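**Student:** What follows is the residue order along each chain.
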Amino acid sequence: MKHATFIIGSWVLTFASVAGYSVWVVRRGRQLAKSATKEEMPWT
Amino acid sequence: MTEHSTGTPATRRLGFVVIVLMSWLALSGLWWSSEDVVQGSTVRIMYVHVPAIWVAYMAFGLTAVCSATYLSGRTRSIAWDRFAGASAEIGVMFVAVSLVTGSLWGRLTWGTYWVWDARLTSTAFLFITYVGYLAVRRLGGTLRQRARRSSVLALLAVLEIPLVHFSVTLWRSLHQDATIADPNAKVQMDGLMLFTLFLGLFAFTALFVWMVLHRQRVIHLEDTVADRGLDAAIADRRDEVAK
Numbered sequence: 000m001k002h003a004t005f006i007i008g009s010w011v012l013t014f015a016s017v018a019g020y021s022v023w024v025v026r027r028g029r030q031l032a033k034s035a036t037k038e039e040m041p042w043t
Numbered sequence: 000m001t002e003h004s005t006g007t008p009a010t011r012r013l014g015f016v017v018i019v020l021m022s023w024l025a026l027s028g029l030w031w032s033s034e035d036v037v038q039g040s041t042v043r044i045m046y047v048h049v050p051a052i053w054v055a056y057m058a059f060g061l062t063a064v065c066s067a068t069y070l071s072g073r074t075r076s077i078a079w080d081r082f083a084g085a086s087a088e089i090g091v092m093f094v095a096v097s098l099v100t101g102s103l104w105g106r107l108t109w110g111t112y113w114v115w116d117a118r119l120t121s122t123a124f125l126f127i128t129y130v131g132y133l134a135v136r137r138l139g140g141t142l143r144q145r146a147r148r149s150s151v152l153a154l155l156a157v158l159e160i161p162l163v164h165f166s167v168t169l170w171r172s173l174h175q176d177a178t179i180a181d182p183n184a185k186v187q188m189d190g191l192m193l194f195t196l197f198l199g200l201f202a203f204t205a206l207f208v209w210m211v212l213h214r215q216r217v218i219h220l221e222d223t224v225a226d227r228g229l230d231a232a233i234a235d236r237r238d239e240v241a242k
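Keeping their order, the protein sequence lines are chains A and B.
The numbering of the first sequence is numbering that gives the first Met the number 0, which starts it at 0 and goes up by one.
The numbering of the second sequence is numbering that gives the first Met the number 0, which starts it at 0 and goes up by one.
Take these hints with a grain of salt, some might be off.
In the DMTMM-like style, the derived pairs of lysine to aspartate or glutamate whose C-alpha atoms are separated by at most 25 Å in a straight line are [claimed, not checked]:
1) Lys1(A) to Glu221(B)
2) Lys33(A) to Asp189(B)
3) Lys33(A) to Asp238(B)
4) Lys1(A) to Asp189(B)
5) Lys37(A) to Asp222(B)
Honestly, the hints are just simulated from the structure, not real lab data.
In this text, all values refer to a predicted model and were calculated from it rather than measured experimentally.
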């Protein structure tokens, strides 16, 4: 593939950003949920 | 698992679907689809660049809708403000992705990472505006104060989206015009290339839904913790443990 560095780089950057943000959100949620009661989490 | 997280069986199923769609997109975008007759292999960047800016537009649009609903609603539920904040934050991330991937594509196609072109400049301005929106959300005050001031700002900021989108037709721009979204354009794309582009739009939209559901729940928990003054209690506890 021509220009593989730029193309793969674009995809890696996109997927890494998305994955990094998703992991941060899920971990932050778990951390906060530990100290919350069931009533404070209406989605449960 | 559900009891100590922001996940539900529905979001877990959606998360699984997103992983499948994103994997399919990667295979189709990087290997299965053919190269463009004009752009060559650089078209493969479009399969992440276009969905990224699509999600950003959608995210900022949702922020505006939620903000308008908050301001006009009888109950003035803070839940609308949380959705608005979550959506804006995700939108900012996707604008950043769009700017960087577009810049890499520009280096290969135009020979430069950046030009002060109408589309690029207006997109950068959009990014800065919504970073400002997120900063305003972090100012002090009650939840209602945060909701009111950020809702007003969101309704002003969303006016930039048509400016960004139509910048290529309003001004002389190096950036190409709309290819698919133009109703007068005769789309001449290979079937698999067109499919991959729409797969990207669908996969990124599903990803956005998953992200916004989780993020607004995290904001809900952050607000709850702040209300109870738990931050201080946790800090005290941590100090005790450290000793």
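**Student:** Please go over all the hints and tell whether each is borne out by the structure.
**Tutor:** Tested hints:
no. : hint                  : verdict
1   : Lys1(A) to Glu221(B)  : violated (47 Å)
2   : Lys33(A) to Asp189(B) : violated (51 Å)
3   : Lys33(A) to Asp238(B) : holds (19 Å)
4   : Lys1(A) to Asp189(B)  : holds (20 Å)
5   : Lys37(A) to Asp222(B) : holds (15 Å)
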